[in-house]
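**Q** Chains A and B, in that order, are what the protein sequence lines are. Each residue of the first sequence is one higher than the last, beginning at 0 in numbering that gives the first Met the number 0. Each residue of the second sequence is one higher than the last, beginning at 0 in numbering that gives the first Met the number 0.
The set of hints was computed from the structure by calculation and includes no laboratory data. Beta carbons are placed, not taken as given, at the ideal position from N, Cα and C, and that holds for glycine. One or more of the hints may lead you astray.
In silico BS3-like links for lysine-lysine, alpha-carbon gap of 25 Å or less [unchecked claim]: (1) K288/A <-> K234/B; (2) K196/A <-> K234/B; (3) K600/A <-> K108/A.
Quick look at which bits of chain A chain B covers, simulated, 3 or more residues with Cβ under 8 Å [what the hints assert, rightly or not]: (4) 236-245; (5) 508-518; (6) 671-685; (7) 709-717; (8) 850-864.
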Amino acid sequence: MTRAHPIDLSPPVSDEIKYTTCYMCACRCGIKVHLQDGAIRYIEGNRNHPVNRGVLCAKGSAGIMNHYSPARLTQPLLRVGPRGSGEFKAISWDEALATAAGWLGAIRKDDPRKLAFFTGRDQSQALTGWWASQFGTPNYAAHGGFCSVNMAAGGIYSIGGSFWEFGEPDWDRTKYLLMFGVAEDHDSNPIKIGLGKLKARGAKFVSVNPIRTGYSAVADEWIGIRPGTDGLFVLALVHEILRAGKVDADFLARYTNAPWLVIQAPGAADDGLFARGEDGAPLVWDRAKNAIAGSNDPDAQVSLSAEATLSDGRRAVPVFHLLAQRYLDPRYAPDAVAAETGLDAETIKRIAAELAHVAFSETITIEQPWTDWTGRRHERMVGRPVAMHAMRGISAHSNGFHSCRAIHLLQMLLGAIDCPGSFRYKPPFPRPAPPPLKPTGRPDQVQAGKPLPGPPLGFPTGPEDLLVDAQGNPCRIDKAFSWDAPMAAHGMMHMVITNAWKGDPYPIDTLFMYMANMGWNSAMNVPGTLSMLTDKKPGTDDYKIPHIIYSDAYFSEMVAYADLVLPDTTYLERWDCISLLDRPICDADGAADSIRQPVVKPDRDVRPFQDVLIDLGARIGLPGLLNAEGKPKFPGGYPDYIVNHERTPGIGSLAGWRGADGSEKGRGAVNPDQLQRYIENECFWRHELEPEQRFFKFANRSYLDLAQRMGFIGKAERVVLHLYCEPLQKFRQAARGHGPIQPPDEHRARIEAYFDPLPIWYRPFEQAAVDNEEFPFHAITQRPMAMYHSWGSQNAWLRQIHGANRLYMNRAAATEQGIADDDWVWLTSHQGRVKAQVRLMEGTNRHTVWTWNAIGKRAGAWNLGAGTAESEKGFLLNHLISELLPEREGGYRYANADPVTGQAAWYDLRVKVEKADPVEAGETAPRFEPLHTPPGLRERPSLLQYGARFRAERDA
Amino acid sequence: MTSLPRHSTGKKLGLVIDLDTCVGCHACAVNCKEWNTGGYMAPLTDERPYDSDPMGVWFNRVHAFEAGEGAQSRTVHFPRSCLHCAEPACVTVCPTGASYKRPEDGIVLVDESMCIGCKLCSWACPYGAREYDQREGVMKKCTLCIDRIYNENLEEIDRTPACVSTCPAGARHFGDLGDPESDVSKLVASRGGYDLMPEMGYKPVNKYLPPRPRKDVAGAVGCGTRMEPVAGEAKGLLGWIDRMLS
């Protein structure tokens with residue numbers, strides 16, 4: 000039978016549309032939120048937005064479920080039971096703020112260092128870092144120390160930019176993409192959009208990753224490398240291209256420090272430093288004049304090889320000379336690295352040949368004249384269409400800084416930086432390598448009741464920039480910028496709890512954290528961390544960490560360990576700015592920033608964290624937060640600050656529509672209507688670069704002038720790319736006994752070993768320290784594309800996609816051990832044991848086991864019901880990872896981190912895998928006491944029919 | 000039993016899904032859920048959303064699996080939804096006429112007002128594309144976003160299924176597969192798009208594009224497998240590198 004089925008083909012979609020910025024991960028896509036009677040009907044990508052161009056990932060599409068999550072905190076909480084019990088009482092905001100101001104105000108009057116203020120994956124670091132500096136504590140950082148500081152520092156010290164936020168592959172032109180260890184959310188939508196384009200054009204995509212999921216699954220070639228050996232693989236590629244002479248000599252001579260002369264005077268204080276002229280500029284050898292010249296002489300015909308005799312009679316050689324000697328050594332030959340990397344030498348040779356072929360035989364040309372820093376006009380832009388991208392798989396190893404530098408070295412040798420088809424900078428980068436910004440917090444810079452003279456974080460270029468006292472001891476609670484981790488540009492959040500508990504280097508009073516699940520999936524050594532958070536001073540009832548203030552929108556595992564909980568809003572209820580002063584959303588062709596605006600009003604007694612921080616700052620009298628009359632300077636809270644705060648005259652949080660009438664970009668007076676102008680432009684601003692400014696930005700006159708005008712860089716000077724990183728050599732020279740500031744003796748050997756000015760490779764520390772026969776596997780995590788850290792499990796839709804994680808093993812390796820699919824196994828490291836259920840796969844390096852990150856949950860947290868898979872079967876590798884390396888002579892334990900940057904070495908983990916007894920099957924271990932639900936959480940529904948009301952209203 | 004339309008316009012609206020670029024991110028599945036839980040077949044009920052064994056109605060699911068063994072194996076991400084078959088057994092098996100195929104455009108739909116929840120259609124569908132809403136007692140399924148694709152309240156550019164407009168990798172395409180001149184038909188022709196399980200005879204309208212040939216063998220990017228050395232040791236390279244400078 001047939002009959003008519005009436006359908007309304009044009010139903011109303013919504014009664015209001017508001018634009019804002021997504022926050023379901025760190026990607027910061029533009030979104031268009033459809034509202035019906037004030038409720039969220041639908042969230043879609045904003046087609047005009049520079050980040051996502053209209054698309055939206057699974058996380059972003061599930062924003063409704065995070066926004067209405069029953070795990071949302073609803074009111075300020077004060078702990079009434081023991082720490083960790085989850086026993087709280089609800090208090091008013093007045094009481095909460097008075098309590099926090101009481102603790103913080105007292106600390107500031109006494110010793111500001113006693114505040115440790117650390118934020119997680121928040122996007123308001125321009126505010127939080129400035130606030131910490133106003134407070135006067137050096138003990139501030141965000142989560143970069145356990146995320147990507149190796150990539151940021153490795154890039155910034157080498158090329159004055161870095162992967163992800165400060166650069167991107169030239170998706171529209173590259174013919175060959177080499178991607179290393181990319182967690183599947185860095186950076187989520189732009190990579191997926193880019194891969195789609197790249198494959199449609201027929202470019203080759205090579206993915207180097209021990210695990211074949213996500214992007215690696217669609218790669219033309221998957222290189223299933225052994226974890227932690229990427230740097231060695233890259234240096235073998237370098238060896239091959241040097242051996243074949245396939246380097247871009249002109250690029251090296253013009254744009255890098257390849258010709259700079261390095262003093263060769265073993266034993267001298269300046270051995271290994273650049274020979275410099277009277278003006279301080281490094282020297283080069285001019286082969287036309289057969290004489291020494293300044294590296295800033297645009298007419299010098301530089302040599303990349305010639306040994307020179309300096310005016311004092313000493314010998315110096317160009318950087319390229321040292322580099323060629325280093326990497327042509329047979330120890331970097333493909334055959335020599337094959338066993339360590341687990342790769343076939345022939346594959347390494349072929350990849351090197353392909354890179355060279357594409358770079359030098361498939362050049363692309365854009366007929367666009369441009370002028371370089373010297374004033375020379377170039378008729379066209381010639382590109383070497385080889386692009387590289389790298390993230391977590393490089394970053395989270397203790398050799399990650401050097402591995403990252405090795406990748407940049409390879410890019411420079413191929414001339415494949417910011418040319419058509421290569422890696423491209425996103426403004427405001429490139430900046431000088433590194434930018435002239437030093438951390439503050441030395442004893443002479445910290446005073447009771449006073450701000451710091453500068454920011455807590457920065458880029459040291461030598462021992463004089465370290466935050467150490469006269470004895471060489473750390474000044475920061477996390478020991479960043481000390482001899483433990485001299486170039487810890489993002490701080491070391493992973494060390495705060497351990498050090499605060501030990502009182503090493505000194506005790507603190509208050510640990511103030513925001514959006515950082517340090518009681519669970521953001522901690523290394525979770526069981527140890529929980530006992531440190533709850534440990535008391537002997538014989539007293541006082542906690543070793545006296546006060547913990549925590550702000551979060553949700554009932555994460557960390558909430559139970561706070562004394563005072565400040566409930567935050569969801570991302571759809573707040574103002575925010577994605578600032579050029581912090582982590583911008585620019586693309587290679589334009590500078591951009593954006594805002595969040597509240598699209599719905601909170602239905603709970605919660606406040607945006609940034610409003611709270613500004614309020615607290617005024618209450619405790621931080622000078623930058625008070626006006627001349629001593630009254631709050633930003634009574635309108637964060638939006639007031641976003642518009643009216645100026646970092647330096649004319650430079651504020653947002654670069655768009657500055658000036659009284661909104662006509663200025665980058666620099667300009669405060670515009671009271673600025674936020675309205677953003678809202679009218681769908682909550683973002685973008686300034687597109689002129690065609691002549693889009694490539695070779697490090698040396699492009701027109702771009703550099705623009706960057707200076709816009710406030711991206713201080714001076715419109717070229718950015719030299721650093722193959723040879725002189726600051727590393729300065730630290731090494733100090734370790735060798737030179738200069739006024741030297742490491743204490745126990746640190747000397749380590750500094751000497753790891754502060755090599757040219758990239759080196761060494762075995763990750765844990766692998767080097769433990770018995771590799773006892774612990775034969777590497778253990779690492781991957782980020783599922785549909786989840787962002789711990790946030791996804793509270794999401795009714797996303798938890799149906801990833802409800803429990805398995806331990807993935809290479810099928811052949813597992814079979815050898817008699818382990819079959821679905822078996823339960825014990826995973827043991829030198830630190831602890833975890834029980835997990837196995838899934839076998841082919842696409843995993845045979846020396847590696849892995850799991851999805853942050854799926855395992857503590858029972859009771861996130862307002863999930865009893866017996867959920869997340870807590871019964873879901874597990875974390877965190878329990879197996881120590882935050883400290885084994886003791887050295889003298890009993891000292893360094894952080895389990897990169898020795899240069901302090902980056903947490905999550906991926907260095909080594910384990911053994913043993914089949915569990917059949918009676919042990921069925922649930923994970925260790926298990927922790929279920930958390931009590933704090934007061935005020937909404938009851939979790941047993942049935943969800945989200946959207947039924949929209950249909951009912953339409954039908955009515 | 001329900002008859003297929005006797006006359007049709009020849010229009011066959013459907014999807015083309017590119018397995019070469021699908022990275023398995025689930026954007027299509029979740030955006031579909033988000034649109035449709037407030038859309039024509041609302042709601043897409045979730046049972047036990049925050050407890051053990053949560054189970055919801057999804058019109059689109061992405062499966063990840065490996066095919067082959069050892070070096071020959073590959074990881075496949077496979078999005079699965081209603082294929083809007085030309086000869087849909089789910090329609091002909093329907094005892095009430097609730098399941099039907101639209102003569103105008105070939106979209107297979109369920110009229111909930113007539114559905115008795117007997118589930119015969121889900122047994123008949125070899126693709127597992129039907130989703131029973133236990134709470135509502137009716138069968139639900141992909142509507143090809145019938146409330147978007149003709150919706151005059153949306154800008155013309157947005158009149159596509161949610162899964163297509165949200166797909167970050169550009170792996171999903173929508174159009175008239177009955178028109179050989181349409182973009183999707185040309186795409187299918189040029190990329191060797193294929194039917195899922197054609198042997199079953201249901202003539203699915205949706206097509207899948209196979210992975211492109213992979214450039215993972217010698218010569219695939221137009222060069223040899225290794226480079227000739229010109230500098231065995233540093234001295235050699237340093238001897239002539241300056242001559243490469245312009």
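**Q** With reference to the structure, classify each hint as holding or not holding.
**A** Hints, one by one, checked against the model:
| no. | hint | in the structure |
| --- | --- | --- |
| 1 | K288/A <-> K234/B | holds (23 Å) |
| 2 | K196/A <-> K234/B | violated (43 Å) |
| 3 | K600/A <-> K108/A | violated (37 Å) |
| 4 | 236-245 | holds (count 7) |
| 5 | 508-518 | violated (count 0) |
| 6 | 671-685 | violated (count 0) |
| 7 | 709-717 | violated (count 0) |
| 8 | 850-864 | holds (count 3) |
Violated hints, in rising order: 2, 3, 5, 6 and 7; the structure is consistent with all others.
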